[in-house]
Each structure stands twice: as structure tokens, then as C-alpha cells.
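Each residue of the sequence shown is one higher than the last, beginning at 1 in the UniProt record's numbering.
Hints were generated in silico from the structure; no laboratory data involved.
Among the hints, a few may not be true.
[What the hints assert, rightly or not] Pair by pair, the computed Cβ-Cβ distance ranges are:
id	residue 1	residue 2	range
1	S384	Y186	41 to 47 Å
2	E190	N39	54 to 60 Å
3	N59	E181	42 to 48 Å
[To be verified] Derived lysine to any residue pairs resembling SDA-like cross-links, with alpha carbons at most 20 Å apart:
id	residue 1	residue 2
4	K188	D210
5	K183	V217
6	K166	R233
7	K108	G120
8	K188	L176
9	K380	L278
10	K380	S280
In this text, all values refer to a predicted model and were calculated from it rather than measured experimentally.
Glycine included, each C-beta is placed from N, C-alpha and C at the ideal position.
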Amino acid sequence: MGHQEIATGLPPHVLIFPLPMQGHINSMLKLAELLCLSNLHVTILLSDYTHGRLRRHANIESRFSRYSGAFRVATIPDGLPEDHPRNGERSMEIVMSLLKVGGSEFRKLMESTDALSYGGARRRVNVLIMDGVLSFAVPVVEEMGIPFIYFRTVGACSFWANFCFKQVIEAGEIPLKGKDEDKYSYWKKEELDLIVTSVPGMEGYLRRRDLPAFGRVNDVNDPGFQTIIRETRRTALSSGLILNSFEDLEGPILDQIRKPIPNLYSIGPLHTHLKARLESEKSEQSSISSSSFWEEDRSSITWLDSQPPKSVIYVSFGSVTLLTRNELLEFWFVSDVWKVGLDMKDTCDRVIVEKMVKDIMEVRREEFLERAKQLAELAKKAISEGGTSYQNLNRLIEFIKSSVQ
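Required output: the full structure, derived from the provided sequences and hints.
In C-alpha cells form, the structure reads like this:
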């Protein structure tokens, strides 16, 4: 069958399988579009629920219509009831549910469609690019002879800290929460400012309070925590790892990751990469499209249009973050303050916070602006022809092409 497929002249076929959460799907869709622009066939596997949200509130169908059938969507159930919120404090339930039902549903889909070949309209899937906690798909693709690559949508530093959690536990550096301890009491603990020494490459600056949120448990044997550790370690068993980062941003940590995972593709920043590619293709869709699960509120556009050029930065807390009114105080003065982290351990008083914000911006405003400019220039260099992310994307595409059977 491989020789028959090659004779048809059909492009290689990539299956992209994101965790059904907003931020994960955002990044995976950008990667899907970059691969479509490289003349590959792409199928993205969504949950029934997230596909419905995207069809209702985003422009996923019109966004990919320009690729003449190169992009398709497949769906499986996530095992949760329709009225489940799938966000906030219950987000981990998505992962746990998928781990229960995902294996059988994925196998059923791949076997019933002959690896998504659509009756010969496409090749059978020849590479799987999947999210970091979906290892239940591995036995299926291994049986079918399909190589798999992980795409972790977090930054390199976050991924590496997750990868090293086993060592952090052994070193006794997990900042455990008390069983009935509220988060305000937890964050005031002085021990959270102790330096973590068990994550290679980050020994000089990573504090316990900086560890990924999965580690904020009251027992290191917490099932969800252990799932993240186990799933993250499995990344080293794959054919490679994609990260939405670039060498000039997180180079030292990327070098640490290459020790257990040599075949690393740092291809970010994806939004900049995709925008540049669309512009080079003279696409009518040169701006990044929406992939929101919720209806967008555009009432702020009038206010944004009234601000000076390059004076406002947009910060997203993600779709799973729940903040109280007091917690939002640090971000109250959006038009003047950005990229500022304040020491909020001892106060949530609005007047004090306001003074802290104004004081720090008077001292460090120019520093923040200059650093943001530098990062933008480095990102542009990385995705430009000859840049590290540009080269790594080409390496990824060559790997996909070489995997055709």
C-alpha cells in the first residue's frame, strides 16, 4: 500500500492532537496552518465539545478554507457530560477523563478510518504530533508504524521544571500546602522563596514559588501531580519534541532539554512565525485569526484606538484562570503598567498596591520598554530566513516527509 500511496503523489499527512483546552488548541492550530502553508495535509483531532465551541465562536472553517482541502477536523468524545464547565478549578478533570476514555476512542477512530485516509483522498497518517499528556495514543500509532512527536505548548522553562519534578521531590523541595490551607496563607510562606537546586540550569534563580502550579499539592502522591510527572517523562521516548520558544529566549534551558531529548524543535514564537509566513505568501488573511471558545467582546477596541501607538500590551491569563477582585488589583492600571511583578505577599490593599505600581514604573519604565523591544527583535530574527526557528521548522517538515511509507 505504501508504494500505491506514493504513486498517487499525495502530500504527507500529519495528525495533530491537542489537549482540548483553549491555549493548547490555539498553538496547535497555528502549527497546523504553518504545515498547510508548507504543502502538507493536516488533520487536527478535537473533542466534540471544543469543536462545537470553535464552530460557534471562531472562524476555523473560513480560516482554513484557503488551503484547498489540505486541512480537516476529526473529533472524539472527551468523556465528560455536556454541562461540565471544562475550565477553572475543574480543568484537570478534562485530563483525567481523557486518560480513561481516550485510548479506546482514539483506537476506534484510527481503525475505522484506515488512519484517517478518507477513502484514499489522503495518505494514511504518517506522523502524529500530540500534546504532552495524551500518551494513550502511543500504543495505537506504534502498532500502525506511525512515529510520534510531542508538542508541549508551555515554555521551555516550564516544561523542564515539570520534567525534573521527580528530582525536586527527591530533594525535598516541593512546597507542600497544608490540607486546609488557603492560598493567601500559602503564598505568604517564607519557604516559598528558597532556591530550588534540583532543576539543572535553573539552580541560581528558580524559587519554590516559581515551580509549575501542578506542584502545589498537599501530598506528593497526589494522582493528578503524579500523572503530570509520568506523562512528561514519557516525552523522552518519542521521535522528538516541539516547543513554542526560540534559542535567544531560552537557549540555556533548551540545551538542558536536549540532553534527554536530542531531537528538539524550537520553532517559536508561533504567532510571529505564522504572521510572517502569511505576509510572505501575500495572503488576504495576514492577521492571526480567532480560535476562541467563547464569543469575543470587542467593546475595548474604541478605547485601544485612543491610546498612543505601542503603549498597551495585552496579557492573557488563559481560559482556566479564576481571579478574585483583590487579585486583579495588581493589574488595575493597565494603560501604564505592564511586565511588572510586584511583591504581593503582605498586602492586597488597593491604595498600597496603587502606590507600588506607580513607584516601580517611575524607576523601571524605560528598562521594561527597552527589554520588550529587544525581545521583539530577537523573535523576528529567529523566524526570518536563516534564523533558528526558521531552520527548526524546516527540519520538522523534512522529518515529516521522510516518514512517508
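Status of each hint after checking the structure:
As the Cβ distance of S384 to Y186 is approximately 44 Å, the hint placing it in 41 to 47 Å holds. Under the hint 54 to 60 Å, the C-beta atoms of E190 and N39, about 56 Å apart, fit the expected range. Checked against the given bound of 42 to 48 Å, the beta carbons of N59 and E181, roughly 44 Å apart, stay inside it. The suggested pairing of K188 with D210 holds, with an alpha-carbon distance near 14 Å, which does not exceed 20 Å.
Using a Cα cut-off of 20 Å, the hinted pair K183 and V217 holds, with the two alpha carbons roughly 11 Å apart. For the hint linking K166 to R233, the alpha-carbon distance of about 9 Å falls within 20 Å, and the restraint holds. Note on K108 and G120: the hinted pairing holds, with a Cα-Cα distance of about 18 Å set against a maximum of 20 Å. With a C-alpha separation of about 13 Å, the suggested pair K188 and L176 falls inside the 20 Å cut-off, and the hint holds.
Annotation: proposed proximity of K380 to L278 holds, straight-line Cα distance about 14 Å (limit 20 Å). Annotation: proposed proximity of K380 to S280 holds, straight-line Cα distance about 14 Å (limit 20 Å).
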